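Protein chains in written order, with the working numbering: chain A, 1 to 284; chain B, 285 to 568; chain C, 569 to 879; chain D, 880 to 1190.
Derived from the structure by calculation, the hints contain no laboratory data.
No experiment lies behind these values; they were computed from the predicted model shown.
One or more of the hints may lead you astray.
The following label-pair restraints were derived from C-beta to C-beta distances [as the list claims (entries may be wrong)]:
1) MET569(C) <-> ARG450(B): 35 to 41 Å
2) ILE31(A) <-> LEU311(B): 33 to 39 Å
3) ALA849(C) <-> GLU107(A): 31 to 37 Å
4) GLY103(A) <-> ASP1171(D): 29 to 35 Å
5) GLY103(A) <-> ALA1164(D): 18 to 24 Å
6) SER1032(D) <-> SER768(C): 54 to 60 Å
7) ASP279(A) <-> GLY855(C): 56 to 62 Å
8) GLU107(A) <-> ALA967(D): 48 to 54 Å
Beta carbons are placed, not taken as given, at the ideal position from N, Cα and C, and that holds for glycine.
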Amino acid sequence: MSASLRAISDSAFAPAGLVRQPSIHELEARIKSHEWVNGQYRLMVLAAPDCVLDCRPGQFFHLLCPQTDRFQPYFRRPMSIYGYDRERGELSFLYKVAGTGTGALAELEAGDTLNIVGPIGQGFEIRPEWQRPLLLARGVGLATLAPLAKECASLGRPLTAICSARSPDLLMSTDLFRDCGAEVITVTDEEGNSGVESLTALIEGLIATRGINAFFTCGSARLMRMLQDIGTRHGIGGQVALEQHMACGIGMCQACVRPFRRADGAVNLRVCREGPVFDLQEAM
Amino acid sequence: MSASLRAISDSAFAPAGLVRQPSIHELEARIKSHEWVNGQYRLMVLAAPDCVLDCRPGQFFHLLCPQTDRFQPYFRRPMSIYGYDRERGELSFLYKVAGTGTGALAELEAGDTLNIVGPIGQGFEIRPEWQRPLLLARGVGLATLAPLAKECASLGRPLTAICSARSPDLLMSTDLFRDCGAEVITVTDEEGNSGVESLTALIEGLIATRGINAFFTCGSARLMRMLQDIGTRHGIGGQVALEQHMACGIGMCQACVRPFRRADGAVNLRVCREGPVFDLQEAM
Amino acid sequence: MADLSTRIGALTLKNPIMPASGTFSEELAEVFDLDCIGAHVTKTITREKRSGNPVPRVCEVNGAMLNSIGIPSKGADLFVKNTMPFYAAYEAPLVISISANTADDFARFAEEVSAPGVAAIEVNISCPNIEDHGKAFAIRPGSTEDVIRKIRSATHLPIWAKLSPNTGEVVEVAQAAEAAGADALVTANTMLAMAIDSRSGEIRLGNVMGGLSGPALKPITLRMTYQCAKAVAIPVIGCGGISSVDDVIEYLMAGARAVQVGTATFISPNTMPRLVAELEATLAARGLASLDALIGAARLADETITLAEYA
Amino acid sequence: MADLSTRIGALTLKNPIMPASGTFSEELAEVFDLDCIGAHVTKTITREKRSGNPVPRVCEVNGAMLNSIGIPSKGADLFVKNTMPFYAAYEAPLVISISANTADDFARFAEEVSAPGVAAIEVNISCPNIEDHGKAFAIRPGSTEDVIRKIRSATHLPIWAKLSPNTGEVVEVAQAAEAAGADALVTANTMLAMAIDSRSGEIRLGNVMGGLSGPALKPITLRMTYQCAKAVAIPVIGCGGISSVDDVIEYLMAGARAVQVGTATFISPNTMPRLVAELEATLAARGLASLDALIGAARLADETITLAEYA
Ligand SMILES: Cc1cc2nc3c(=O)[nH]c(=O)nc-3n(C[C@H](O)[C@H](O)[C@H](O)COP(=O)(O)OP(=O)(O)OC[C@H]3O[C@@H](n4cnc5c(N)ncnc54)[C@H](O)[C@@H]3O)c2cc1C
Ligand SMILES: Cc1cc2nc3c(=O)[nH]c(=O)nc-3n(C[C@H](O)[C@H](O)[C@H](O)COP(=O)(O)OP(=O)(O)OC[C@H]3O[C@@H](n4cnc5c(N)ncnc54)[C@H](O)[C@@H]3O)c2cc1C
Ligand SMILES: Cc1cc2nc3c(=O)[nH]c(=O)nc-3n(C[C@H](O)[C@H](O)[C@H](O)COP(=O)(O)O)c2cc1C
Ligand SMILES: Cc1cc2nc3c(=O)[nH]c(=O)nc-3n(C[C@H](O)[C@H](O)[C@H](O)COP(=O)(O)O)c2cc1C
Ligand code: FES
Ligand code: FES
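The shape of chain A in the complex, shown without the other chains:
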């Protein structure tokens, strides 16, 4: 990390006043199903009570991955809400089996319980003026953007979604996006159409033809910077969902800060609290 970033002060906003009614819940949820989506990703569906389903696209849960013979994670692991359904009492996560925590998670089976804390953080906001959104997801960023697509559909906003992945078999949830009425464009490294150059051309084309006036993205720092550039040139705003290593997940420890551009200079914000969704142009 560069020396200049060390000079950034951490900022935090306190909740308004006395809170006697919990809004973040810690509970044991039963696993309804837990399937491999492809060779790297698993979809976990939990039976969840109403209190935690009062959530928004972009928020996340903090999962207590189990202790197993092979994996002994200590911290919880943050995971975006992939789906929530009050009628069916379901909460779901789509995750990549990466290391210790997700490795342990992957060993759970339907019928087991999982301790979850949430919902946490600031979700996406679809401003009234953002009538023609573009979603740009890379890899597991799809998991985070999926519920946003549903929300756009329910708000009646026509939607274009670009899904990027290493190879076609790692493209997920394109049907989910199509079911939301989205126009879906897939790009992959393997096909050679996922680079910044071709994507920029593609998106500038979409701005011209579809009248795109908002960007939502998740899953790639490179693509975020590309959207910042395009957004600046075309005067288009938007939001990005970011990640950072976390300890507490609910704003107490200041572990998860990232720097953001503000009028009065850079400021450190907590991804778990002021985020994980941030203004696209403020992200650094």
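Start from chain A and add chains B, C and D with the ligands according to the hints.
Below, chains B, C and D with the ligands without anything else, positioned relative to chain A:
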């Protein structure tokens, strides 16, 4: 612990010379069966290779109890050999489910594997002059004395075994002793015939009628002291299997010492190395 | 119902469970009612606004954690404006943790925060990050005595001195704090530690070294608690690796009159209310009317040589 | 085949894996061929016969252990008569760990054990049990310099100074040992700790306090290893909580030229030969010809702020 014991020096004898052939083995053994014997004790039978079955009654193994969701033992746990059978390739342990380690052990099932280290320690020695042995076992001391009964049988020594327990349902292995041709006498706290007074009378009677000329005991400090008294009065020698908290189990750490009477004063000996079987009269 | 109250000098807490500085904030009110615990202890603040350390600021190691958060501070002004009014709405006493770079700055800042609504000042003279790689006031008795004495003359509020495990002179430091006028000791802060990714060679904290907390720390800080409780007459507050009611009881038995819960709250945000309930249940199960029978009850086993007899 | 050899001053070890003092003895020869490891390090001995501490001498805590064995010693005479000839039959260099109550006694004893067949003397100036509850030479730079200097003038053999984590002055102590003529540092001994049975109130070690070792100690001693390797020019030997090849590599990356394995041998007596084999396999897998590329390779991540991109 009394101040005087602090003055006792630890003694140790080193193995004779260069040892290139391992005699203590660390290996994964498969569990053939694992059954409850009564409400507190379980019998575990392992499939074991010849190298570890070259063992003696009174020796023990050091077991790596598994990490489970409920129990996370760190040290190994010492466990006497309850049975060993080269023909069937079997090694068995009879143990009381007591705390963290044995609690974790109890969660294993047939088919699972268990990491064991052994055989370790000095086993019982049936001296030629000890023609008419008496075995006195309390509780889980039965586990330790069981293979000794078999050895007595194979040596053709007529045997008397007194088995003591809290209640009749906790008496174990009496059939095993009978199968070895032993005369079996059971005493229990519940029946009120397990106290030192009535046992002393019983044993002195047996000395008179059966010509008992050696004592082997395990499982109770109180009964050990009683046998020391009777032995002193009647000039009868014998051996006792002792316990102590252990770390390494193979003689390196000096954790498992106990004091013993020697001609030149008290000396600390390692239960895992100089024991677990000791001269009855030397034990303190 | 058992009485869980405990006295820390002039202050009576309704129960001995409180948060450790830096592992607690207003946000926890969204998880449970903050009035169910014995006190509120804020993250250490400094007088001036200051940034924390570079990320990664945390990592996990063998069932415990390292942190090099540093002391990011929004400064005293914002603290007084935003944080103090928040806690004023609760009955639980408010303990403010402060830090500074010199003894004089410490004293000046202590004076400034001695405002109505503050029940005690915890002086973090042990944070291993702020000074050069772990050197802090609480490492030596001399510097401890100096800083506490200056703070003592600057405030009428109770002073809780938060000690460090990064010293070879625990007892001397504790006695120096007492002699200089501290009203209580908190044992202890984190232990300086480090982790490296064995694949990449990357040091796992942006600040190179950081503080070890969580279960792995407990045997060390429990030992400090025992040493300090034996060595001083002022109350000792245990802290380090507490996550179960058994941990709480171990600290009480070691001589602590109250305990602070840190990292465990990250693993389960409801840890503190759970511990209050379980402590009450344990007292009831043991037939104890108050904490008195537990505090300082640790003792050597009568006869350590003879193991229990089997039956 | 990768070259695992490493140099500790004038001494070349065929691999960097050796036992930690007090966790190794002749008996381990019954488990594996002792010539497969880099060196043999004996349990600390004292000149005079002395008894150890009361039992219980060990207990387990959260995936680690405490010990208060003390230094039971059969005395120098029996050591020379029984133990030295045993190790003489092996090729691996023999390192004798010694302790004494004063600097002069240390020097005298070092002179006596400077016999043929001894490759180096490890001076245990850090054992937390022998002096009053954890105070040892290695807590202060002054006492460290004094004792090492006296030993230096009493023996021509390499001196390995075994440091303690129970100090706030690790770097100063390390530099003092170097200045006084130590040939290598061992980082480190156990950390003073304690445990209480929360049910009975019984203190779980007969000696009240004891040393923490095993996985929980690793982040602390790894940090010391890093600090010392940066601060001195003599080789540093890492020790504390090593049980996997990743642990070994972390220590090498922190700057250690060799490592000592302690408690892990109690959990799996074959730990050391396994680590030798796995280290060799790891070097091969990474295409490294020797340990050079690993030793001291720890570094800050280039860009710690941007997390890897998903795909
Ligand atoms: C708000 C948020 C939402 C997320 N949503 C999803 C999701 O829906 N699906 C998904 O697959 N992943 C998601 N991630 C990333 C996911 O949390 C990490 O992949 C996971 O923590 C890796 O843990 P591990 O133990 O398997 O990997 P390891 O590499 O072993 O983790 C080691 C440590 O690093 C942390 N870490 C590693 N990668 C990340 C990361 N990218 N972000 C934050 N911390 C990390 C872990 O939490 C852990 O503390 C999200 C992250 C954040 C912050
Ligand atoms: C040589 C030897 C042979 C033994 N043989 C048998 C046997 O055949 N069957 C059987 O049921 N038990 C036997 N024991 C006792 C058995 O080792 C203990 O019951 C077991 O270690 C308890 O572990 P735990 O974690 O379940 O109990 P905990 O009480 O949770 O153990 C805590 C710690 O204390 C130690 N410990 C507790 N009790 C004892 C004890 N009595 N002896 C030594 N260490 C103890 C444990 O090893 C552990 O480190 C033997 C002990 C020894 C030394
Ligand atoms: C993320 C984090 C931040 C901390 N910040 C502070 C702090 O600002 N001031 C302080 O005195 N202690 C701080 N500590 C130390 C804790 O208050 C506590 O002393 C330590 O974590 C040991 O307790 P635990 O094992 O229960 O976490 C912090 C600890 C953690 C984990
Ligand atoms: C049972 C036991 C006995 C020990 N005895 C000694 C000793 O005699 N001399 C010494 O310098 N260190 C002694 N140590 C400390 C170890 O050598 C080592 O420094 C420490 O255990 C940390 O390493 P580990 O975590 O790999 O065990 C002992 C450690 C244990 C566990
Ligand atoms: S993870 Fe603790 S503040 Fe965000
Ligand atoms: S348990 Fe280590 S010497 Fe006996």
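How the hints compare with the structure:
Between MET569(C) and ARG450(B) the Cβ separation comes to about 36 Å, which falls inside the hinted range of 35 to 41 Å. Hint check: ILE31(A) to LEU311(B), Cβ distance near 36 Å, so the stated range 33 to 39 Å holds. A hinted range of 31 to 37 Å holds for the C-beta pair ALA849(C) and GLU107(A), which are about 32 Å apart. In this structure the supplied range 29 to 35 Å holds for GLY103(A) paired with ASP1171(D), their Cβ-Cβ distance being about 32 Å.
Range check, GLY103(A) to ALA1164(D): about 20 Å between beta-carbon atoms, so the 18 to 24 Å window is met. Judged by the Cβ atoms, the range 54 to 60 Å given for SER1032(D) and SER768(C) is violated: they are separated by roughly 45 Å. Range check, ASP279(A) to GLY855(C): Cβ separation about 59 Å, and the 56 to 62 Å hint holds. GLU107(A) and ALA967(D) have their C-beta atoms about 51 Å apart, which keeps the hinted 48 to 54 Å range intact.
In this structure, only the earlier hint numbered 6 is contradicted, and the remaining ones agree with it.
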